[in-house]
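Asks: Given next are the chains, with one letter for each unit.
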Amino acid sequence: MVTVIVVLVLASAFGVWRRLADGRVRRVADAVDTTPFAAFGPLGSRATIVQFSSTFCAPCRAAKAVARDIVSTMTGVTHLEIDAERHLELATAHGVQRTPTVLVLDGRGRLSARIVGVPKRDALLEALDDRRFENL
Amino acid sequence: MQQIDARSPRFGAAITTLVLAVSLIVGPGALGTVLIAWQVVAFAFGSIVGPSAQPYGRLYAAVVKPRLRGPVPLEPAAPPRFAQTVGLVFAILGLLGALLGQGSVFSVAVGLALAAAFLNAAFDFCLGCELYLRVQRLRGAVRPA
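Residue numbers (the numbering used here), protein chains in the order written: chain Z, 1 to 136; chain B, 1001 to 1145.
Treat each hint with caution, since some may be false.
[As the list claims (entries may be wrong)] Far from chain Z by the CB rule (all over 12 Å, computed), these chain B residues:
1) 1024
2) 1029
3) 1030
4) 1033
5) 1037
6) 1038
7) 1052
8) 1053
9) 1062
10) 1072
11) 1092
12) 1101
13) 1110
[To be verified] Derived Cβ-Cβ restraints for the label pairs, each shown as a range:
14) 1067/B to 87/Z: 42 to 52 Å
15) 1096/B to 10/Z: 22 to 32 Å
16) 93/Z to 1059/B: 22 to 32 Å
Please keep in mind that the hints were generated in silico from the structure rather than gathered at the bench.
The beta-carbon is built from N, C-alpha and C at its ideal position, and this holds for glycine as well.
Hey, can you work out the whole structure from these sequences and the hints?
Replies: So this is what it looks like as structure tokens:
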């Protein structure tokens, strides 16, 4: 009985923590080589949403829906989906531990944000609508 | 790609949670062993044949689904099938623990399976998203593609 309670309490704590942490946008400002990404589709002039997905991943479809929705309403923003299993080296190079993981590249080809889990729509929009774009 | 009703795996996970919890509470005696053995069978159907053959999936389709209205949310069958396979591995370990008198093996294996099933039922947690890439990476490290 005690074991069951301990397991359920620990799992609940983990689940709640994940709920809160998932989809949060982490801002970064790293120079990256965008050449490998360009092989998966056109990069956006304002921003590119790069999504790492895998076969055994239902939330990847939700992440894709969020990204596609944003792409349809914003000009100069594109969405690329990369199968992390088939492109394990690229995924590893960008520290992708689980799917979906979304990277945002700005118009200058720099990495500007990182989201693990399904991105929250408004947070992703905000990350795309970076002040840096005003200078372009 | 085969599509299934997205609500079905979560319903199944809730029943799995119940079966595993009772099994863990009663311990590796006769009842606990029967319960974990049954769960091995259920996971085996879900893993080897597919989610539509899983007993709890069938129960969902026969009893729950006809009572639900509105559009059916579909999802690929691969993620829940992978979860069934992971569950199968832990359930077999638990069953072996019970049959060989290794109570601690039983408790740890059933406890981990319970945690996974509960997270799936309560939080719609995607085990495949967490594990698959790491497993692939480990396999890559052992046997470069």
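Asks: It remains to establish, for every hint, whether it holds in the given structure.
Replies: A quick look at each hint next to the structure:
| no. | hint | result |
| --- | --- | --- |
| 1 | 1024 | violated, 5 Å |
| 2 | 1029 | holds, 14 Å |
| 3 | 1030 | holds, 18 Å |
| 4 | 1033 | holds, 16 Å |
| 5 | 1037 | holds, 19 Å |
| 6 | 1038 | holds, 18 Å |
| 7 | 1052 | holds, 16 Å |
| 8 | 1053 | holds, 18 Å |
| 9 | 1062 | holds, 23 Å |
| 10 | 1072 | holds, 15 Å |
| 11 | 1092 | holds, 19 Å |
| 12 | 1101 | holds, 18 Å |
| 13 | 1110 | violated, 9 Å |
| 14 | 1067/B to 87/Z: 42 to 52 Å | holds, 43 Å |
| 15 | 1096/B to 10/Z: 22 to 32 Å | holds, 24 Å |
| 16 | 93/Z to 1059/B: 22 to 32 Å | violated, 45 Å |
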